[in-house]
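Student: Read off the chains here:
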Amino acid sequence: MSREAGGGRRRAADESGTDPVERGERPARDERPAERVRSGERPMRADPVVATVNLVKIYQNGGVPVPAVRGVDLRVERGEFVAIMGPSGSGKSTLVHMLGGLDPRTSGEIWLDGKRADTLGESAWALLRRKKIGFVFQFFNLVANMTVADNVELPALLAGASPREARERRERLLDALGLTGRADAAPAQLAGGEQQRVALARALANRPSLLLADEPTGNLDSRNTRDVLKLLGEVHRDGQTIIMVTHDARVASLADRVVSLLDGQIVDDGAVAAPRRRPKGTAGDVVELRG
Amino acid sequence: MRLFLLALLAKEPAHGYELKQALEQIFGSAYPSPNIGQIYVTLGRLEKDGLVRAVDVEQTNRPNKKVYYLTAAGRESLDSWADEPTEGPRVRDEFFMKLVLAPMTGIADRMTLINRQRRHYLALMRDLNELAERTAPEDRIALLLIEGAMLHLQADLDWLERCQEDLS
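Sequence lines, in order, name chains A and B. UniProt numbering puts the first residue of the first sequence at 1, with every later residue one more than the last. UniProt numbering puts the first residue of the second sequence at 1, with every later residue one more than the last.
Calculated from the structure, these hints are not laboratory results. All values derive from a computational prediction rather than experimental measurement. Take these hints with a grain of salt, some might be off.
Stated by the list, open to error - Covered, in the sense of this in silico footprint (three residues per stretch, anywhere, with C-beta under 8 Å from a C-beta of chain B), are these stretches of chain A:
hint	segment
1	51-64
2	260-268
Stated by the list, open to error - Using C-beta positions, here's what the derived DEER-type ranges look like:
hint	chain 1	residue 1	chain 2	residue 2	range
3	B	V57	A	K230	49 to 57 Å
4	B	T112	A	S222	31 to 39 Å
5	B	L3	A	E171	25 to 33 Å
6	B	E47	A	G181	57 to 65 Å
7	B	K98	A	R223	34 to 42 Å
8	A	E171	B	F96	32 to 40 Å
9	B	F96	A	G62	36 to 44 Å
10	B	G44	A	G181	24 to 32 Å
11	A	S222	B	A7	23 to 31 Å
12	B	L3	A	S222	24 to 32 Å
13	A	E168	B	P137	23 to 31 Å
14	A	R223	B	Q59	43 to 51 Å
15	B	G148	A	D269	49 to 57 Å
16	B	L3	A	R167	42 to 50 Å
Just so it is clear, CB atoms sit at the ideal spot from N, CA and C, and this is done for glycine as well.
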């Protein structure tokens, strides 16, 4: 979809800007989202990584308002892995793009790490993304005239890591994704599945407090999907917060929580149940072969 | 299990325990380890129907064992099994009946049914993911079976989404 590609371009453009505005701005306590402290329970609870309040997006289509997101309240705690599912046109991509500042909201609030973000200007969003957010899209948006290694190191360097830290992190990520041998290749020399794995490595390079992903396995065959799933599982176990739009039930089933959208609204939000089977079950127990 | 045993016997005559071992060896963890009693019961029925015949083979230190082999009728029945298309997965499943009928009686709300079912499918998918992870890569038949189950579940989820779009 062209919107995703456009978002990626805009991100790249933003990152060349250097406007260090609005850093550390922190609104007064009483302006922050309600229900922060549930009665009696962990009053010192950390800020959620993401909180939205009545978030709305209405596109204008030739003067006709088209609501895409209609009043979403979503709260994602640190370390959570949330899958967002729903039919096409239900507002999933729009929601995730708004959370990353790639698409301005029409009304409502977006809070990232306890700071209000929906009121930020473009350059402040760019700065916020550079420091805190990693993105993976269905189409990889790699920088064509840079090597795989440089593509992955760049976001870490932009976020202020030392060249050594950036290199070490890049080596670790490429290794985890089985791409060490491709470090010096240009993106165009890579197969689609490899490019997507590079895009995931890049998104994780700045140790983002939030990883946003929009159908990251949408173009992958099952083998590449498996590698991407493996890395996602690992970074999640290491505490990475992930919000991911996906159609792929294999991917969604890794999440702690699944949010279902329909017509721009949340119709279900809950945990994926823990496995019910005995840990020693085999394929034969799960898959019924009828005789 | 009847036709599986016929297929194994078409390869070579065997006694009951050998059939059990062959199933385990071919399918690995993909097939729940068959109960030896069940194999003998099935062989008895196949014999009664004239599809297999048994000969007693004397053993020195143990009681005689029965070795089974395929009859012409057994061969025919196996051939027609192989030649026919196999019944596809169910279309009118129990959940669908529930989804259509329960709201009519006012005992359940469609959205709630769909949401609950989605979570259930995702939990099954999570089981399959974990199962695939602890299945050895050489166990290809088991892995293919798991992948097949995953693809079926994905289709079930896609269809659930369609139901939610159309019925809400």
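Student: Does each hint fit the structure? Answer for all of them.
Tutor: Verification of the supplied hints:
1. Against chain B, the segment 51-64 of chain A contributes 0 residues with a C-beta closer than 8 Å to a partner C-beta. That does not satisfy the three-residue criterion, and the hint is violated.
2. Residues of the segment 260-268 of chain A with a Cβ under 8 Å from some Cβ of chain B number 4, which satisfies the need for three, so the listed coverage holds.
3. For the pair B:V57 and A:K230, the supplied restraint of 49 to 57 Å holds, since their beta-carbon distance comes to about 51 Å.
4. In this structure, B:T112 and A:S222 meet the distance hint of 31 to 39 Å, their C-beta atoms being roughly 33 Å apart.
5. The hinted range of 25 to 33 Å is not satisfied by B:L3 and A:E171, whose Cβ atoms lie roughly 54 Å apart.
6. The given range of 57 to 65 Å is respected by B:E47 and A:G181, whose C-beta atoms sit roughly 59 Å from each other.
7. With their beta carbons about 37 Å apart, B:K98 and A:R223 fall inside the hinted range of 34 to 42 Å.
8. Remark: the range hint 32 to 40 Å for A:E171 to B:F96 is contradicted by a beta-carbon distance near 51 Å.
9. Roughly 40 Å separates the CB atoms of B:F96 and A:G62, a value that falls within the hinted 36 to 44 Å.
10. With their beta carbons about 59 Å apart, B:G44 and A:G181 fall outside the hinted range of 24 to 32 Å.
11. Checked against the given bound of 23 to 31 Å, the beta carbons of A:S222 and B:A7, roughly 29 Å apart, stay inside it.
12. Under the hint 24 to 32 Å, the C-beta atoms of B:L3 and A:S222, about 30 Å apart, fit the expected range.
13. Between A:E168 and B:P137 the C-beta distance comes to about 30 Å, which sits within the given range of 23 to 31 Å.
14. Taking the beta carbon of each, A:R223 and B:Q59 are about 49 Å apart, inside 43 to 51 Å as hinted.
15. Take B:G148 and A:D269: their Cβ atoms lie about 31 Å apart, and the range 49 to 57 Å is violated.
16. Look at B:L3 against A:R167: about 60 Å separates their beta carbons, and that is not inside 42 to 50 Å.
Violated hints, listed in ascending order, are 1, 5, 8, 10, 15, 16; each of the other numbered hints is respected by the structure.
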